[in-house]
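**Q** Sequence:
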Amino acid sequence: WDNFTGKPVDGYEVNRIIGTKALAFALREAQIHAAALGYGLLLWDGYRPRTAVDCFLRWAAQPEDKLTKEKFYPNIERAELITKGYVASQSSHSRGSAIDLTLYHLDTGELVSMGSNFDFMDERSHHTAKGIGDAEAQNRRCLRKIMESSGFQSYRFEWWHYKLIDEPYPDTYFNFAVS
Numbered sequence: 004w005d006n007f008t009g010k011p012v013d014g015y016e017v018n019r020i021i022g023t024k025a026l027a028f029a030l031r032e033a034q035i036h037a038a039a040l041g042y043g044l045l046l047w048d049g050y051r052p053r054t055a056v057d058c059f060l061r062w063a064a065q066p067e068d069k070l071t072k073e074k075f076y077p078n079i080e081r082a083e084l085i086t087k088g089y090v091a092s093q094s095s096h097s098r099g100s101a102i103d104l105t106l107y108h109l110d111t112g113e114l115v116s117m118g119s120n121f122d123f124m125d126e127r128s129h130h131t132a133k134g135i136g137d138a139e140a141q142n143r144r145c146l147r148k149i150m151e152s153s154g155f156q157s158y159r160f161e162w163w164h165y166k167l168i169d170e171p172y173p174d175t176y177f178n179f180a181v182s
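According to the numbering used here, the stretch in the sequence shown is residues 4 to 182, in order.
What the hints contain is simulated information worked out from the structure, not anything from laboratory work.
Careful: at least some of the hints might be erroneous.
Mimicking SDA-like on lysine to any residue, the simulated pairs with C-alpha atoms at most 20 Å apart in a straight line are [stated by the list, open to error]:
1) 10 with 118
2) 24 with 153
3) 74 with 90
4) 10 with 182
5) 87 with 161
6) 87 with 73
7) 74 with 120
8) 74 with 60
9) 148 with 172
10) 72 with 53
11) 133 with 147
12) 24 with 177
13) 166 with 32
14) 166 with 144
15) 166 with 79
16) 148 with 10
17) 87 with 103
18) 69 with 54
19) 72 with 5
20) 87 with 28
21) 69 with 133
22) 148 with 60
With the hints as extra help, turn the sequences into a complete structure.
**A** Structure, rendered in structure tokens:
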């Protein structure tokens, strides 16, 4: 399992993106903007069941085992992931109107370089990160412009995370399995 816990996450029974209709319509708009620039959108995560959030919180409270530290959070301790804003006790994903995504080149299918990997919990993943190249910074700005022009709000700690501004269920945290 290629995620920061290193194992299956409770609540995910299949590899599928689920979201609200409003999310789908806004993503369609974003895809049109991206395609005009020669890009496609690669979606990593959408709706996240509350059981998955609880799984992340239990994992974050466990002693460090170093299995995934180097790949996902090499510069901080597991216990800091919540206080530094990388793991949330209430996730906007559980409302069905948040998405984790990136850009890829339509002509080659290759991912656009963003200066850090998805779910890399480090300052290099912040939108205003220092230490990434000019091209990667420009690519992040491009993704942000596409998403913001399509009705999304960015999350300052994660270049890949966007939330629908006019989400239909702003106070509801769903807990059905992704199946």
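**Q** Does residue 177 lie within 20 Å of residue 24 when you go C-alpha to C-alpha?
**A** Holds - the C-alpha atoms of residue 177 and residue 24 are around 15 Å apart, at most 20 Å.
**Q** Check the hint pairing residue 24 with residue 153 against an upper bound of 20 Å on the C-alpha distance.
**A** Measuring from Cα to Cα gives roughly 14 Å; hence the hint holds.
**Q** Next pair to validate is residue 74 with residue 120; report whether the Cα-Cα distance is within 20 Å.
**A** Satisfied, since the Cα-Cα distance of roughly 9 Å is no more than 20 Å.
**Q** Do the alpha carbons of residue 133 and residue 147 lie within 20 Å of each other, as the hint requires?
**A** It holds: about 17 Å lies between the C-alpha atoms, which stays within 20 Å.
**Q** Check whether the Cα positions of residue 166 and residue 79 lie no farther apart than 20 Å.
**A** 25 Å, violated
**Q** Holds or violated: residue 166 and residue 32, Cα atoms, limit 20 Å.
**A** 14 Å, holds
**Q** Is residue 87 within 20 Å of residue 28, Cα to Cα?
**A** Between residue 87 and residue 28 the Cα gap is close to 32 Å, so the pair fails against 20 Å, i.e. violated.
**Q** Can the restraint linking residue 148 and residue 60 be considered satisfied, given a maximum Cα separation of 20 Å?
**A** Status violated; Cα separation ~32 Å.
**Q** Given the proposed pairing of residue 166 with residue 144, does the C-alpha separation stay at or below 20 Å?
**A** 16 Å, holds
**Q** Please work out if residue 69 and residue 54 have their alpha carbons no farther apart than 20 Å.
**A** Judged against 20 Å, a Cα distance of about 24 Å means the pair is violated.
**Q** Run the distance test for residue 72 versus residue 5: straight-line Cα separation, threshold 20 Å.
**A** Roughly 12 Å between the alpha carbons, so the hint for residue 72 and residue 5 holds.
**Q** Starting from residue 148, check that the Cα of residue 10 is at most 20 Å away, please.
**A** Answer violated: residue 148 to residue 10 is near 34 Å, above 20 Å.
Hints 1, 9, 10, 15, 16, 18, 20, 21 and 22 from the earlier list are contradicted by this structure; the remaining hints agree with it.
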